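*Asks:* Protein chains in written order, with full-length UniProt numbering: chain A, 1 to 331; chain B, 1 to 331.
I should point out that these hints are in silico values taken from the structure, not numbers from a laboratory.
Since this is a predicted model, take the numbers as computed values, not measurements.
Glycine residues also receive a C-beta, built at the ideal position from the N, C-alpha and C atoms.
Do not rely on the hints blindly, as some may be mistaken.
[Claimed, not checked] Under the rule of at most 27 Å between Cα atoms (straight-line distance), these lysine-lysine pairs were calculated in the DSSO-like manner:
no., chain 1, residue 1, chain 2, residue 2
1, B, K110, A, K167
2, B, K108, A, K305
3, A, K82, B, K110
[What the hints assert, rightly or not] To give an idea of the chain A side of the interface with chain B (calculated C-beta under 10 Å), a few residues:
no., residue
4, Q108
5, L113
6, A117
7, I125
8, A126
9, H133
10, L155
11, E158
12, L165
13, Y255
14, Y306
15, S324
16, D325
As a plain string of letters, each chain reads:
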Amino acid sequence: MAKAKTNTDDYLRMYRQMVRIRAFEDQANQLYLSAKMPGLTHMYSGQEAVAVGICEALTPQDHITSTHRGHGHCVAKGAEFKPMFCELLGKAEGYCRGKGGSMHIADQSNGNLGANAIVGGSMGIATGAALSHKMLGDGQVTVCFFGDGATAQGLWYEVMNMAALWKLPVIYACENNGYSEYTRTEEIAAGSITARAEAFGIESFSIDGQDVLAVNRLAQDLVARCRKGEGPFFIELKTYRYHGHHVGDINRDYYRSKEEEAEWKKSRDPITGFGTWLQSEGIVSSDDLVAINDEVRADAEAAVKYALDSAYPDGSEVDMHVYSDTEHALA
Amino acid sequence: MREITLSQAVNEAIAEEMRRDETVFLMGEDVAEAGTPFKITSGLVEEFGTSRVIDTPISEPGFVGLAVGAAMTGTRPLVDLMFGDFLFLVMDQLCNQAAKTHYMSGGKLKVPMVLRTNLGATRRSAAQHSQSLHALVAHIPGLRVALPSSAYEAKGLLKTAIRDDNPVVIFEDKLMYQDKAPVPEEEYLLPFGQANILREGRDVTLIGTSSMVQVCLKAAGLLEAQGISAEVIDPRTIVPLDEATILDSVRKTSRAVVVDEGHRSYGVTAEIAARISEKAFYHLDAPVLRFGAMDVPVPFSPALEDLTVATPDQVAEAAARLCRGEMFHAA
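Okay, chain B solo, but in the shape it has when bound:
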């Protein structure tokens, strides 16, 4: 199978959906001729024109607000939010307006919009261009949240997001845009709420999101060398969350480590660990461990920034200690 980058996969997904449905349009800062700073949308304006690939002013609340209204009235906007950190600028439009409109109208109004943005540290961009803020929006009922972990996942999940009649926020890891993966030529979609088991195992379940899936896979390789069999699960979407696949795995392995790049406190790892503890407690042989981004603003210096994100070694070491039955308090 051919291999393409995550960036190319996203571009293909947008182009295919815009060809399929003429009400789909793209808007955001520098999405047309510039193709975004990451060159993800390059070429789309040539095919679809400036009426469907719309460069906006640097007005994040404004153009997200426009997307909400457009989605309510017959078109399907795909909004490019250049950095996930800018979510803080658009929270009213996304969380007070888009997320609640269907509910507050008693089901009469729909908001089929997609907000595409990114997450991920270690790009040496400091604290306002490096955050992983998906837990913030996952906290708000009415929004769906997808976290693709590869080029294949990014294409399939984005196409599903664009066809969803609810507001969806999809986060790509900005460090993975040039990472290649096998992506079929023929069309496919990946359904929301169905986790992917990337590797089967017996001794411990590693649950990772976005780029942390790669961390978990590498950790599983390190564990295998120690004779420990790790299962690796990618939830794909955290809203809806495929709780059943996670719980089935943990009931089998009796141990779990959850890895996500959002801040460790009050985040995705806490939610998943809590559900495991509530619903599979009597199957557990060890506490559920969590790795998230360190609870500090992301620092600029490489010497500091690299300390803030979980590594395969850390995850493997923690999982190995769980399997050895050692008393453990995660850092």
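Extracted from the complex, chain A is given alone in its bound form:
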């Protein structure tokens, strides 16, 4: 088995990336609560080790597909704060020029094929990207992120079948945060999720999604095997969503207790856990970690301010980008 990233720079980058995701989400939540953000958004907080552990095993050219809960994947795949906050606020400097918003956010130049607002909607896209890369012979790997709720979509079974038949370089990464929107996953998922992938002959794994090193170690191994033509693979990553289904899902006692949430935050937090490990190994001091946190939070605050002050797209952009070869579709 390949080793996880093992030098200090790699460790610190993984830590910083997780902190960046948390800081981004905290700011996004504040933008919602202060009514500065149009629409709703879905927080990734609590799941950071999944996105970072996997994306740190990829090159910028490798592709990912993301979900409605996609800010974490976007940051982990290399996106910057300013164009991300601009996108959240519908501004012209957003990654999608304000046309996608939170649920379609992506830094396309870093291999992100997009967040997707249809649950499970990107499973075909990810598998097709893998087909493309196999045909082009460029050795690139595609990771398809989706949640436990998406395992109920029929599309997954169709594309897993083709991925297995054609040995495509795709990794299906199921972030099982225990909740399918407002319903406990055990109420909507029969049997075992890994067994579903295994039924297609796909080698499957179930791991602790709060342990960034464990996630990264497995991801590096599977990415290397995909590049050698041994894909596809399936990983179930057991994780937890700190917020509700979306930022407006505040009173959620009817499906999840405050005690359960507090317990995960106290004893299973991926950032705290990794920080403790880094200190116990003598890699960093607690002051170093505080400094990283402070710096990242200052970056996020500055990016929010930048985005709030930046311009909306001109009204003339409304019919641009409908067709790639037509500047204005309605002209």
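Please build the complex by placing chain B on the supplied structure of chain A, with the hints as guidance.
*Replies:* Chain B only, in chain A's frame:
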């Protein structure tokens, strides 16, 4: 000039484009050795191999989803959807994913894919293999929709579709696959958004799509025998629609009949008639009349099915009454 069938014309178009561009590939149910139930793709797998002529499982949403992802990542999939009726199975992948990706990414991602499928009743195939559903996809911004009306049109439009960087849906009339037409040996393409005037006339404009072009031409012949001069226009693509050619014709003739095989209500004929009414109203001497498929599920019995599609006699009779100035309410 040599004459070939519409089926042969489509086969030639695919083969020529696959020879020209090695990123073009064909996928769908039974497209390889079987050559599809209509034997349209026969011989392609022998020339291009199974890596570029791919038989898929019977998983329409799955393989259309793969095509979307493949198109986003460097290849140009041509998808065979065996019957147009199966569009209902793939609507999320086609309309939520393919159609919107370029727009939602602010123009950064492209989806150069073609969905080839068919339309047309009177094949005694009942309600789930006989529908003409092009209006459904024409309703979705981001998709282009082509409706070839002969072997010549099918070849030229399909080659253009394959070279288009946007998702294109092209509908062939499944009853015309064995119809022959003159098709040059040398390469040609037919641009999208340029209607074809098949016959010039003074008294009434007949606008027909797909196989209804033949209905309009036959109706024009019947009208000529009555001393009425009909102009016949084939829009070729309904998205983009060559509104100018249609409006110029109607301004000249002052009368129009629109004929299409989609259901009459909320469809292509309504759209074209509305544009004529909005933009050429003061040139009209009579209401714009429409013929579409009867608003019933397509019945199996020949005695019933034949009642559901417009005939040359019906179109000629309606046009003649318009020209005689009779008050008219279309059935």
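*Asks:* Please list, smallest to largest, the hint numbers that this structure does not respect.
*Replies:* 13, 14
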